[in-house]
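Chains B, C, D, E and F: place on chain A using the hints.
Protein chains in written order, with my numbering: chain A, 1 to 176; chain B, 1001 to 1494; chain C, 2001 to 2106; chain D, 3001 to 3185; chain E, 4001 to 4355; chain F, 5001 to 5529.
Honestly, the hints are just simulated from the structure, not real lab data. Check the hints yourself; a few may be wrong.
[Claimed, not checked] Okay, the calculated beta carbon distance ranges per label pair: (1) 150/A / 4048/E: 23 to 31 Å; (2) 122/A / 4215/E: 47 to 55 Å; (3) 4237/E / 150/A: 32 to 40 Å.
For glycine and all other residues, C-beta sits at the position ideal for the given N, C-alpha and C.
This is what each chain is made of:
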Amino acid sequence: MAVTVPRPRLTWRERLYLPAIVAGLAITFKHFKNMLLGRTKVTMQYPEQKWDSSLPEHYRGAPALVRDEDGRVRCVACQLCEFICPPRAIKILPGEIPSTDRFAKVEKYPEQFDIDMIRCIFCGMCEEVCPEQAIYLRKDYAITGFTRAEMVHDKEKLLEIGGVMHGVVLKWNEKK
Amino acid sequence: MKETPHRAWLQDLRDSLQMIMITAPELEIAVLVLGMVILMVEAFATKIDKRILAFAAIAGLAVVLVASFFVAPSPSPAQATGFWNFYTADRFSIFFKQFALLTTIVVLIMMTDYAPVVRSSFPGATPQAGLGEFFALPIFTCVGLMYLVSAIDFVFIFVSLELVTISFYVLVSFTRRNPITLEAGIKYLVLSALSTAFLVYGIAWIFGATGQTNLHRLTQALANPAMNHSAALLGMVLVLVALGFKIAAVPFQIWVPDVYQGAPTPVTAYLSVGSKAAGFVVLLRVLQPFLLLPETKRLIILIALLTLIYGNLAALPQANLKRLLAYSSIAHAGYLLIGVVCFDVRAVTFYLVAYLLMTLLSFAVLIIVAQQAGEEISDFDGLARRSPFLAFAMLIGMVSLAGVPFTAGFLGKFYIFYAAVLQRQIMLVVVGVITVGCGFYYYLKVVRAMYWQSAEKSDKIPVNGLSRFAISALIISTIWLGIYPQPILDALKR
Amino acid sequence: MTTLGDYLLVSGILFSIGFAGVMLRRNLIVILMSLELMLNAANLSLVAFSRFRVDPNGLPNYNAQVFVFFVITVAAAEVAVGLALLVALFRARQTTDVKDISSLKF
Amino acid sequence: MLGSPFFPQSAIRNPQSIMSPFLFWIFALLMLVFGAAVVVNRNPVASALSLVVSFLGLAALFMSLDAYFLGIIQVLVYAGAVMVLFLFIIMLLDLRAETRRRINWLATAGGIAVALVLLMQISFVVSRFQLARQTFPALPGSTIDDVRNVGALLFSNYNLPFQIVGVLVLVATIGVVLLSRREPR
Amino acid sequence: MDSFFIITSLLKIVGILFVVILPMVSYVVYAERRVSAFIQDRLGPNRVGPAGLFQPIADIFKLLLKEDFTPRAANTFYYWLAPCLAVMPAIITIAVVPFGSTLFGVPMVIADVNVGILFVFAIASLGVYGIVIGGWASNSKYPFLGGIRSSAQMLSYELSLGLSVIPVFMLVGNLRLTSVVRYQIEHGWFIAPFVGDWINPWKWLLTIPMIVSFLVFMIAMFAETNRLPFDLPEAEQELAGGYHTEYSSMKFALYFLGEYAAMITGSAVIVTLFFGGWHFPGIPDGSHGWIFGLINIAVFFTKVTIVILFFMWIRWTLPRFRYDQLMRLGWLFFFEIALVNIFLVAAILPYIPKV
Amino acid sequence: MVLFTIFCPIVAAILIMVGAPARKTALAASVLTFSAALFLFASFGYGRGDFQHVTSFAISPEWRLSFTTGIDGLSLIMVLLATIVTLAAVWFAGAIDKYENAFYACLLFISGGAIGAFASIDLFFFYAFHELALIPTFLLIGIWGNGNRVAAAWKITIYLAIGSFILLLGLILLYQSVPLGSRSFDIRALQAAAGLGQISADAQRHIYLLLLIGFGILVSLFPFHTWAPEAYASAPAPVAMLHAGVLKKFGLYGLLRLAIPLLPEGARHWTTLLVVLLLGNIIYVGLVTIAQKRLDWMLGYSSVMHMGYIFLGIASATILAMTGAVVLIFAHGLSIALLFAIAGELRKRTGTLVFDDLGGLARVMPFAGLAFGFGVFAAIGLPGLANFAGEIMIFFGAFKNGWAMDGFHLFQIATVLALWGVVISTVYMLRAYRKAFMGTTSEQWRLLVDLRPGLRVPVTLLVGALLCYGFFPQPFVRMVAPAFHAYLSANRTDLINMQSCSHGAVRRPRAFGPDEGNAPQGVATRLAR
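With the rest of the complex left out, here is chain A (with noise of 0.2 Å):
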């Protein structure tokens, strides 16, 4: 049931209006004047100031894949964090490690790794789900591009944002 808000009864004066909008805008003026005499304190002045520095910790930037210190991709192309993403922007072809190779348990590697950066979200449920914390979101956050194709993050790029974790969870380095 809809409840019906009964107006306000206005005296003669307020049904004028006109002193509301004048006083509307003075106060309109007002700032205006400050902006123009530098009393406001503006915003930060993006390009050459940043916030890099004082970005915290869980800041969610742009999600990257790592390695471990052994020079390995951490990922296992279990695929979780593609079925996870909310806007579908992970795309993850698994390949299988050869057994002649030293991680040869592992048993998997993503043999291609994109992330769509015009779709993503940066909603860090990749990371959240990811079973080998391979992935992470990282602090950049201008990603940009002069073609559709260039705002597709391949593995080399992930990996090269996200660079070397060190020393978190050595499940496979201690299973050798």
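This is chains B, C, D, E and F only, laid out in the frame that chain A set:
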């Protein structure tokens, strides 16, 4: 001429009221102000019963009607200046102003009867919705009619004619929830606008040929034999086409049946009386300068013949009374056109008065009956049992429309035929007489339904006091004028 | 030089075009437009005549121009009512075609 | 005013002579072609726009006849208001182009024939009308003040018709409000 | 004389159009952005060039270079026609507005027609076609609604627009805009009566209706130019941009241009009608030397700029009206106010000595 | 008194419509009217050709239109006829099963209209009063008729409406043909104008033709007669009595009143046409009558046929024949009313009027048979009954030839043929009487009862009038003749040879002929003495 006592009495009263003589334009202004006041009251007094407005309007119009008998004469068109170039207050116009006022009063009375129907066309609204305007608009129409009959300049004719027409647009489509009414409104609008276009173009040509729009000076200009008449004639034909639409002459009658049937019944009555009368007044005024030209007369004779034949023949098979009256209105336009051909102003005038009485009478009954039963002729079956009063009124109306002696309708036809015979318009007379026979058939069909047929229902039809009074007055005057026509003839003479 | 006849002819043609439109078209809106054409053709004639009949002051005959002024006003009012009617009809019938408006028959 | 040193004579010279035939025919053709387009077009919007163009041509013709006031009024009222109203209604009702229906050739031919007869009649009268062969006389007076002249007539001789037009507009307003009111009081 | 007239006219047209209006439009856009930013405690565009002054040029390039697409369902011809229709009236209107006194003896008005203000209204009223046609031809619901709103809004406010200036012309007795300016030079600006013959007390009495007239005219002008608080046809929040939702690139730019040109023209008309046009107390007119002629032009455009700034100020102060409020305001308030105002002036005029 | 006779029925009709007891009021009114007519008859100044009891109310001075009533001999006879038949019809009507009030009101309206038409001196009201009867007739036949009443009602109404409008045109033309100075609706003024030769011969021809057609339709002149039999067959008995007996005579009255005195040249011009048509009435319709198989249709046709004789009298334009025509009008009115009354009563009792079903009714209904016999004999024209006098005068007069034709002229041929008409009428009348009342009484009619006493009064009244008139036609002749004398002598010198009746008391009109005194004594006068 010997003054009958009551005329002498009127003369005395007139003399004694010389002091407070009214000029003619004040009548229109009074009506206009009345209309405005009613509109204002309508807008701001939302609580009152809107019928009070109708009664107020009737009372106001009645006052103006009385006042119209004490109007000072206007300067003759020959030495008119300024304002009087457009406006004349001769006997003829004063008479038709009274005519318009009377019509409006009766129509307003009908409208009070019709109010429930209007209400039902505004569903979901308060019971008073739209009524105020319904009562106010006829007043403005009345103003237009009053101006129109005084107009002696094409510009003024155009303007006042349009005032009438536009207010009729609204009135015709007033019950706007009814698609039939809307269709009628649209048809009326389109064809009226078409006729307006013809009117304007015709006026343009007449102005171009003569350099005048004033009818009086136009006469002088046309009398100049050096002038080439073909251009003026083209203009006249175009104007005639336009007026043909207004008076519903064949072949410009196509709107009439649909609009008459679709419009709210009081409006139909108004349309068939007010609009038509005004059209004829204008026609008479406009034709006067052109009757010098023989082509004009031939043209009008042709139109009159077609109108007579079409109107009467098409009326024969009608089963809907409103539609029947529509065709009969076309037929009556034919008879009136005979009078126009002969240019017998008084015959046309008398016919119009008779037409006013009998048509309004028929419509007044129709409105009351239609709300109880319907508009078909078969709905009138056994009316004589259900309401002897209404049946008798309708009988008088129909009999008068058919042209039976001792009713005004007969005298109207008598004067018309008299004029035609005097001018030896044999063709018109022959066709006229034959069509009168047709008329007897279709008007008596209604009488037959009322008196011969037995009704399905037998409950009484109530008639309220005001309507009863109005209908009685109409009956009495129909018969009275059928016996003693002199007042009307005298009214025009001075 | 252009003569009065040229203007009259042009106005006559426009009038006929409008008339043809009224008779041929079935869409009420277009019919209303054609009516406007006719009225304006008449106005053109009037203005031409007004310019042609120079009055003693050496000015055009302004009477005709005043008339044109009235015609324009009235036509505007007419159109307004017409369109309002049209809208009302459309609400009732969902059509503006003349052919569909035929519940009233002979 | 005209003598003031600040305001030399109007930039548009007082046009004492009628427009050149070339321009006249240009505007006349514009008006006629678009007038015909109104009738021929099946799309109501196209019709309406053609009508606007036709009216602009007509306004130009008015001005060529030294009727500036009327020319401007023509644009103001018709192009500016009436046609906008038309467009508004067309859009409100969302009228699309008519579907091509089978043309009733007889009716069409009849309609065209009637219009042609009308046209022939008019042109016949024009050809018979001696005045029509004359060119327009020169204007000794100045039409620079035609607004004032028209206005003076409106408020003197034509005062009564003027006021009646006022009543007429009032009635039309009432009518429009009544007819298009969706939820009546 | 003839060739001289033609050449000077051409020069004036070119000068006004390319030297004044088009640059002005671009910089008004810039100013709008800056002003809005300032009012909202921001800086606005300040990168391109010193203080962002080259921003408009960059904008032009941006608009020119953007992809120009036509929706599949659109009615192509009208879709292309509409933006052109939107620009033209706004620019044509400026022709009758006197933007200066004289320069080398040439009057600084392109066409001094005797029906000046009517011309303005007539041409300005054509502006609506661009919007309506654009909205309709896009064949999309938001533009369509915008077009419908626009046509109704323009029609409604044209009335009060026209009625509100009648008092001015009742005083001046002439529809020519140069006469309005001349009158104001002699008798003082209409809403600033302290110039001219300001000692005349009757003039001060007339100021009251003049201010009403000005207010109504200006508010109607807001509506006519689709400025907030009357920007219902393009209301972003409701209609996602209204009639120009489907437009991009240069076609969109034309709409943009048209809107701002209309604003400039409107301001110019306001200045001419109520603020004495190019007149400023103490500055003689162009017949005293070309330098004064130039100064007059400068004064005029300064005034125009001030009015435009006021437009912006209003825009960023007031919220948008609801559609029914807009209609009610136009028909039930401004219309009546303007009418009463006319009667008021008519009542005052016969009883006061000639002012 | 004249006004009283006119308005008594009308006022009574209005009273009845308002709600007065129908039959009583109607009876009272018709009795009053009848007695007023008798009073007029008694107080009539014999031997005068002008109008008496003139009263006048101005209606429209500029048109010279006034409501003027008065009677001369001709009018008085017609009024008397109307009142007698009205009384008989009203009395005969009895109880009506539906809309009783309306029935009597209509009946009285017809009567009032007829009386008004006969007593009006003004042309306009002369016409208008007749028309007043039109709508009541329509209603009476339509509502209370029998058989094919709807078609009959429409037919009679449309016919009469068109006829009367043609007549109206003729009257308007007549009014206009007089020069403006003497233009008037007053018949007397018109006569004066005609006496001065102010109506041009050309105009007379046109007007006469219009009047002839107009009146002819009203009187059912061949070939415009087809409405009559059907209408009479369908109408209820009182209506048939009133219409056939009285109202139809209006046309004849009009011809006598207007066509002959005012338009002699027209009458002369169209004589041949008229004679041919009236022979159509007598011979053709007579033969058709013989072929009828129903009593009501037979009576209807017979009444049409008898009009032929009257037309013959009028056409011949001799005083003798015209007086005879008037006498026959009166007599026929009575006799046909009587016949229709009995026929209506028969229908009421038997439910059929087909000859083959009837027969031998005189045995069960002796009174009706007797009365019907009187009617039949009167219609045939047996001496001693009223018709005889009229017919014989017409034959003599017509044979004498009013228009001064040479040799064995048209009228003599016509008279001879018309005499054959008598034979024809004898054939069908006697046949009808035989079929209906003589012969063997069929079983189904055994239980029929005769007219009840109440109904015998009007029948007796009619029979009495027939007899009385048949034996003593003299007062009537003396009443009528001067009027015609005035007419015929007033007009033109070439008619004067034909004047057969000179009477001392005739007021001399201005254009009185030189050899008036030598004219032979009229047969009628001799007969009457």
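Status of each hint after checking the structure:
no., hint, in the structure
1, 150/A / 4048/E: 23 to 31 Å, "holds (25 Å)"
2, 122/A / 4215/E: 47 to 55 Å, "holds (50 Å)"
3, 4237/E / 150/A: 32 to 40 Å, "holds (34 Å)"
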